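Asker: The residues making up each chain are set out below.
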Amino acid sequence: MASEMAQPGFWARVQRASVERLHIRLESLLVLVALSAAMALLSPFFLSLSNFLNILLATSTIGVLAIAATFVIGSGGLDLSLGSVMGLAGVAGAFVAVNLGWPPVFAVIACILAGGIAGYINGQLVTRAFVPAFIVTLGMLGLARGLALVISQGRAIYGLPAAIVYIGQGRPFGIPMPVIILVLTAIVAHCVLAYTRFGRHTLALGDSEGAARAAGIRVEHHRRIIYTLSGALAGLAGLLFTARVNAGDPTAGINYELTAITAAIIGGTNLFGGRASILGTMIGALIMGVLQNGLTLLAVQSYYQQMAIGAVLILAVFIDQYQVRKESRV
Amino acid sequence: MTLLSLQGIRKSFGAVDVLHGVDLSVAAGEVVGLVGDNGAGKSTLMKTITGIYRADAGSIEFDGKDILALDPGQRRELGIEMIYQDLSLAKQQDVASNIFLGREPTRKVFGLFPGFVDKAEMDRQAAKMIERLGARLPSINRSVGSFSGGQQQTVAIARALTFNPKLVIMDEPTAALAVREVQSVLDLIRRLRSEGIAVILISHRLNDVLSVTDRIVVLRHGRADADLVTSKTNMNEVVSRIVGGGDISAAAAHEQRG
Amino acid sequence: MTAFVLKINRFTMAFGIALAMSTIGVAKAEDGEYGVLMKTLANPFWGAMGQGVEDGAKEAGVKYFQQAAESDQAAEPQLNLCNTMLERKPVAMITAAINSTNLLPCLKAAQDAGVKVVDLDGNLDPAVLDKEGIKITFRIGSDNVAAGGQGAEYLVSKLGKDAKGPVLVIEGLSGNITGAKRAKGFADKLKELAPGLEIVASLPGDWDRGKAASIATDTLTAHPDLVAIFCANDGMALGAVESVYAAGKGEQVTIIGVDGNSDAVKSIKEGRLNASVAQLPYLVGKQAVENVKKALAGEKVEESIAVPTLVLTKDVLDAGKEPMLQYVK
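Protein chains in written order, with my numbering: chain A, 44 to 373; chain B, 14 to 271; chain C, 4 to 332.
Since the hints were derived computationally from the structure, they do not count as laboratory data. From a predicted model like this one, the values you see are computed outputs, not experimental measurements. Yeah, the Cβ is synthetic: ideal placement off N, Cα and C, and Gly gets one too. Careful, some of the hints might be misleading.
Stated by the list, open to error - Just the calculated beta-carbon pair ranges, DEER-fashion:
hint : chain 1 : residue 1 : chain 2 : residue 2 : range
1    : C       : V203      : A       : R214      : 36 to 44 angstroms
2    : C       : K134      : A       : N142      : 54 to 62 angstroms
3    : B       : L81       : A       : E263      : 32 to 40 angstroms
4    : B       : A28       : A       : G185      : 30 to 38 angstroms
To be verified - Calculated Cβ distances over 12 angstroms to all of chain A for the following chain C residues:
hint : residue
5    : A77
6    : T87
7    : M88
8    : K272
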């Protein structure tokens, strides 16, 4: 079988190298750079270290949720409960630290545990009851939010201990703690997804469940782990949120799951599964962060910002599908 | 020496009975053709061998071991491989990822972290296997979804052959291929036989089946209706056994049950 | 080649979007810019306040830029907006915090940078501010205690100071400082003016119309001779109105709300709701800007500025002569 492809041009080779070596799509990175350049030209306040740290800080909570979304969507699933679970986890942590008065480390554990349990339940329902993930996680969205309101009795829980507040507002070496936590989480998550068996099996699962099964991958077991992991990450995001606003807020994270999924898609995750990269998702989250930051600095109303984000999302998916259709043989 | 022995295999999906007690045996280095009309249960039977489906009743012995309780991964390790009709490839992954899916080689990073997949090693071995098959692919690193049908099948074949299989099941391997490619698949089957690897070939192209198999098993109404020796039979006999002669009422009943 | 062209188009598109967006309402940074951060513009209350800020800024010849979060529960997005606005180096930040702690890190940073901080509409808790070491320039908002008191004054003017009978108070969200102040203001003033009017129940209505309606119905059952209901906001007052009229006691029970929103105004004109103590968010916004200008000029400014509230009744609305009515939006 002779090769039917012409020798690919320089640009295509650069694109491919970017995907293979760095696991990111070159287009996303270029859009981020171009957008940043545009903002720097338009606003004298954009280009400064403190503003960059500000952008990273603003992106940190959503970033952690986007990492969760990347794993789930990459495996062919969907988690609409991310924002609500985040709110529940934050309230759980605040409850443990304030109402129960336990040491801060228990509050941290409570956040991640609450998220993980919610994710575990999602996983059980999706794999054993065969209810579609869309519906299961939609149900959990309401369940978690309701539970958060019950635990907190509808009010924010104030009075968090200093150690917890430091997680959200501390600046070791001048870098905000949430940024450090996000970067560490992203690095670990990226390595897992791109370089370990578990990560590769996750993407294979999203690509073709039949292929995964034929390869001996325990499909249902794997999915359960993914959903539990997603919940635990939402728990971590809940901890960051609570620490940043210094309150266990039951209304935290409303609509955050949509933003997280948007970041993953803009970053090159295939909504139907099989292709995902954590670095790509981080770039997607940063694109949204730069857009919001820049437009705020330019005093553009937040409603227009939402329109801009929507437009970028549609554009990103269009470009993505264009590439996919060009490459595949349909 | 019998490599694979199926006895009394039954399988239903809800109210639909597909396999009604199938007996089948394959010897090492033997090529067995499995033919039958649509809905006879050929693919289902094969999937009970690879473990994708769990048989409701009956026994499966492979290489002297009872494998009924083993999952697909474990059965692969014993040497059972299958090239599926739809190829079951992960279209967005590259060649090496597909070949090694589920059994990726790992290495330690910085001498510290285990569990990292050894991509370089995977690529190396995948390239070697592709070369052994005498095929040329556009690139080891492109997603297989961008390959032609024949190239994708090469990847599926490589996946089945890389890990020293003892039994290779091929489900309609020539259905979508050009003439030259069909011949290379048949040559491949002959090569496998000469290496002592057993092959089960499912195909509706009876000329191919007659040209390359040692035995032909006809599946009808979820049962192994005939077990013919290829050298002693001909096209007419095979077709009439597939269609079933005068047994129209049984055919109608089977179709009715689904 | 097509791929390369598409790449160029993508850059141009991204650039173009950014440019297009920027032509909408750009204000170049100059000295003396005020940053105004609202809770959300979805509520007409805040819309009126925004209008007041705009007019105040125009009159004072001051440049400002304004942002708002997408809902009055978006605590973290509001914090992110605050931080970003700070990057634009305003001389003053006028903020309406969604809760009493979410903006603290930003306000602290503002203080460290020498930016004047103003608490718009009294959302920040003074105790919390002290703990964080944040000293705000001033807080401005309606005096909720006085507003409650005005409600009591209206009731006494209607029933007379020798009146006797049971009264129901429906509070706001349990623990919320605004609702608590209004309820207390009403209760204290009522005791002072008409000791015969006894508050038999003071229950949290959570700012919810339905909940207030249930509370009213239950209280009417326990006290069929109820003479008045005071609610900490209009939404709850309108819920109480429905219950009272459903029980056929519209004439017997005097119902008073707080806020003066358009639904309440309509109900008062129809003769159902008796009165509402209207806040004047427009004035709050306008005076906030005026006072910041004064503070920046070095003049002395009150630490806590109370913007008056206005009791709206059918008579007042019909006469239309009250000068402050123009500020009721």
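Asker: Does each hint fit the structure? Answer for all of them.
Answerer: Each hint, compared with the structure:
no.: 1; hint: C:V203 to A:R214: 36 to 44 angstroms; result: 54 angstroms, violated
no.: 2; hint: C:K134 to A:N142: 54 to 62 angstroms; result: 19 angstroms, violated
no.: 3; hint: B:L81 to A:E263: 32 to 40 angstroms; result: 20 angstroms, violated
no.: 4; hint: B:A28 to A:G185: 30 to 38 angstroms; result: 36 angstroms, holds
no.: 5; hint: A77; result: 7 angstroms, violated
no.: 6; hint: T87; result: 4 angstroms, violated
no.: 7; hint: M88; result: 7 angstroms, violated
no.: 8; hint: K272; result: 33 angstroms, holds
The structure is inconsistent with the numbered hints 1, 2, 3, 5, 6 and 7, although it conforms to all the rest.
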